[in-house]
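Start from the sequences, fold in the hints, and give me the full structure.
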Amino acid sequence: MSTPNAALELREVVKHYAGGGAETVRAVDGISLTVSPGEFVAMYGPSGSGKTTLLLLAAALIAPEAGRVLFDGRDVSHLSEREGARYRLRDVGFVFQSFHLMPNTSALDNATIKLTAEGLRLSEARRRARPWLERLGLGARAEHTPERLSMGERQRVAIARALVNEPRLLLADEPTGNLDSRRSHETLELLRDICHESAIPGLLVTHDPDARELMDCAYTLRDGHLAGSLQTGDPATVLS
Amino acid sequence: MRNPFNPRICGVRVSMLFHLYERRLRSHLAQELLAGSGIAVAVALVFGVLVANTSLTSSAGALIQQVIGSARVQLTARSAAGFDQRLASTVERLPGVSASAAVLRENVSVAGPHGVKAVQMLGVTPGIVNLGSLDTYNFGTGGFRFSGGLILPALVASAIGAKPGSRVTVLAAGRAHRVRIGAVLSDSLFGALTSSPVAIALLGVAQRLAGLPGRVTQVLVQPRPGADRALTQDLRRIAGGRLDVAPTGDELRLLDQAIEPNSQSTELFSAISVMVGFLLALNAMLLTMPERRRFVADLRMQGYDRRQVLLLLSFQALALGVVASLIGVALGDALSSVFFHRVPTYLSAAFPIGAKQIVHPKTVLAAFGCGVIATVLASLTPAFDLREGRAVDAVFRESGGMGEIISGRATRTLGLAGLASIALVTVLVLITPDLTIVGGVALALTTLLLIPAMFAGIARALPWMGDHIRSSALVVAVSELRATSMRAVALAGIVGLAVYGSIAIGGARGDLIRGIDRATTQYFGTADIWVGTGHDIFNVNQFASGRMVGAIARAPGVASVRSYQGGLLDVGTRRLWIRARPARDPEMVEASQLLHGDLARATQMLRQSGWAAVSSGFASERHLHLGDTFSLPTPSGAATFRTAAIMTNSGWPPGTITINNRDYSRYWQTADPSALEVSLRPGVNIAAGRRAVTAALGSRQGLSVRTSGERDRQSEESARQGLETLAEISTLLLIAAGLAVASALSAAVWQRRARLASLKIQGYDSSQLWRALLLESAITVGVGCVIGGVVGVYGHALAGRWLTLATGFPAPFSIAPAQVALTLTLITVVALAVIAIPGFAASRVPARAGFQD
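In order, the protein sequences belong to chains A and L.
Following numbering that gives the first Met the number 0, the numbering of the first sequence begins with 0 at its first residue and continues without gaps.
Following numbering that gives the first Met the number 0, the numbering of the second sequence begins with 0 at its first residue and continues without gaps.
Heads up, some of the hints might be wrong.
[To be verified] Examples of chain L residues lying across from chain A (beta carbon under 8 Å, computed):
{"#": "1", "residue": "R469"}
{"#": "2", "residue": "R481"}
{"#": "3", "residue": "A482"}
{"#": "4", "residue": "M485"}
{"#": "5", "residue": "R754"}
{"#": "6", "residue": "Q761"}
{"#": "7", "residue": "D764"}
{"#": "8", "residue": "Q767"}
{"#": "9", "residue": "G849"}
[To be verified] Residues of chain L placed beyond 12 Å of chain A at every Cβ, according to the derived structure:
{"#": "10", "residue": "F4"}
{"#": "11", "residue": "G60"}
{"#": "12", "residue": "S470"}
{"#": "13", "residue": "R680"}
{"#": "14", "residue": "R719"}
{"#": "15", "residue": "Y793"}
No lab work stands behind these hints, which were simulated from the structure alone.
As the structure is a prediction and not an experimental result, all values here were calculated from the model.
Ideal Cβ placement from N, Cα and C applies to all residues, glycine included.
Given below as structure tokens:
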């Protein structure tokens, strides 16, 4: 059973990539950031500013060159592949922009994919996934395949998949990139509510200016640095 | 402004078509190469099989044509002893004759420093060139003015190590002769004869070697214009019911009949290869489908209309199909020259068949067309995106691939069609066994029809499996299969077809070999030792025995010596194998080959005069039942026999007639044996007996002394060699299928890296993903194996029934479970072994790839 009230902390994290020729891309360049339990934080920034790298670091998918990534006080920056997989499976819920759903596989079975990776029997995994689909308004569409679902419904299936194992950290990469504004709003509201209810930290990478009003906190990332943070205010200001 | 060299089609300049394809090649070279290689392999397979199928008759046809030249009618002997040469002079003088030539054909062996080769010796007169026969650029009448020599084609000469001017040993009619090689003929000089198992000599030389002075076996005649009918009547009058008068092309018809079962089996393989080829091409194109669809959407968004997009798609498919198919034809040509060019020994013993690989333009066209059509059809799947009402950029927003999923309704329909096909084939084949080959093709299609249903069954069983097997790999594997069901079906279809063909044809081949083995064991089991003319597998080459029988009978340990006689006899479209057994033989017919009749009674009848055991094909052609009479054309005229038993064909497709040697001597007017059967006294060691018989023969080198076991093995080897092409095609089909599936799976796995990366982000580790990929591959291959195996065993049963009923072959049906298991294991292991490495690499995809959609 997972224990809530864990925070995500990034301390002086550095991640560089080799660019073309001798150039080095400073994707993340000494960032420190804390996302507290129950806090839903947005990360804004232009393309190439290092937003996705930040998510990859938080999910222990890549290791930083310097600094530490802590979750619940545990350093996750240099986990082995197996430990990293276990961390993502048990602690992290990840929502993608492009959903990455299995075609021709029901919404319910798509939602169970993390549970079966944990070794649950399929029937048990389905039993545990169904309430999440119902909560996300997909109870009647649980047996439908992604091809028969709208874009908004597909994104909700992807969210259900991220949440079924009751993660302690929610990471989202442009989750509203393929949705209209109404669906975007609903989706972000849902993610925020889950963070609040479950008291888990949530980190969102987005370009969506309307997201700001639903966030507890928003940061701007530019050239690998946190260029500014706002607790409240006009998203246009944040983006500028 | 109009440019005649760069016209517009549907508003698109031709140069733009090339330019866009060049761009595609630059950006997607790897996918294009993969698709191209899949198509090329498929075309190579189809081409190789088609060439193998046509080369036998074509090379024989070319050879026969080269010998007969412009002759249209022939007078032929009914036995190897031939007829009086003076008849040829009589024919030459007939008013309707424009040109004629006498020929003596005799089966002999030629021994050189490097080996021995069985050939058909053609004794000809220089006048044969008047018929345009043996027509060459500079081999006119003068070419035959060599003295006492033998002309060998390059193939035979190199096989035995003979050179012009050197001496070789000719083993003919039970005697050995040293003969000088007059010439070795190369391809440029002698065409089809160069690769044929023949040897040419002047008629007089050939007569001396064959021990047939003044005899010929054939007179080739070119009638004067308009005199055909009258001349034929004249020839019939001369033949007097003791010789055959027939069109010169008859021998090819006889050959066609002899190789029909083999041809039909190869045709079935050809059909299967075409289907496999189409699936390979389809699959190769499916792999490039996602980005082709994006290309279509891009074009539409840039303002291209439907017709233009269709034109671009078709042009690119044509370009790929044409280039890949040409490469495939070249590959297939190499394949057929390496694997399928051997002439079955049993056929070359009865027909002058060349080993030349003959490629007809229509064969090239068929294989090339298959490749291009398959490519174009498969490449049209992105055209689904051009449907009315479909958003131009729909591809960018959808999950799963259009055309990659087979609907439940389609799966049910296909499954039902598959079951209906099995039922239909069963009824069809029960009523008309001759239609078994058509049924075989229908069963191959059935394999494809049933595969989607089996995949659906596995997907449906997933909840059950998921409750009993805790395996994340299983869930991912089955989900992935559901996601790409079209591709999975295509891959499993390739495996299924290959396994079906291999098991059905391979099983029938196994039955046939077992049946023939049993027949030959009993056939040669009537004596301990056989004395014959070396390479004569049918015991049809006669020799003068003289005092030989007495000498052998007096040899220590010998109990008895019996004269066996036999020959080949052309009756209608059949070149029958006449077997004349001594009445004192312990068995007159092979017990295992008896289809109708009582063995003891038949044996008793055959020991008397006027009875014959006939093979079922001949019997059904003549509507013969036990006790019925029939007549055979013999050298002494028509001979009447009564049917004592109906047998299998003992492995000789045109059929056999078994009589006793007294009747043979009477009707064929010869006492010369074609083999001597020697029985040893009880307790005499077979090796010692053999030495004693050899010693009794003295210095006579033209005969070979072999134990029944050795003769048995020689015949069995010949049977296996005759069916080798089928085994080769079967093996190649399996290898091609295994490799094609493995490479296609590898490419498919590689394309799926983004989805695998997303699973990694969800918490799957590399080993889980690798297991899932291997499991998915194993399920795909397994589905093909199971469906192909089950339908294949059924096809095997039908093929066995066809062999027995329609062709008269001995083919007792029996499943070879070890062979089936080995086939299935081999293809699975090969596919999995090949997929393991790219699967491993794909499972190590960096999670970052999940963000690069």
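**Message:** Output the indices of the hints that this structure fails to meet, ascending.
**Reply:** Of the numbered hints, 4 and 12 do not hold.
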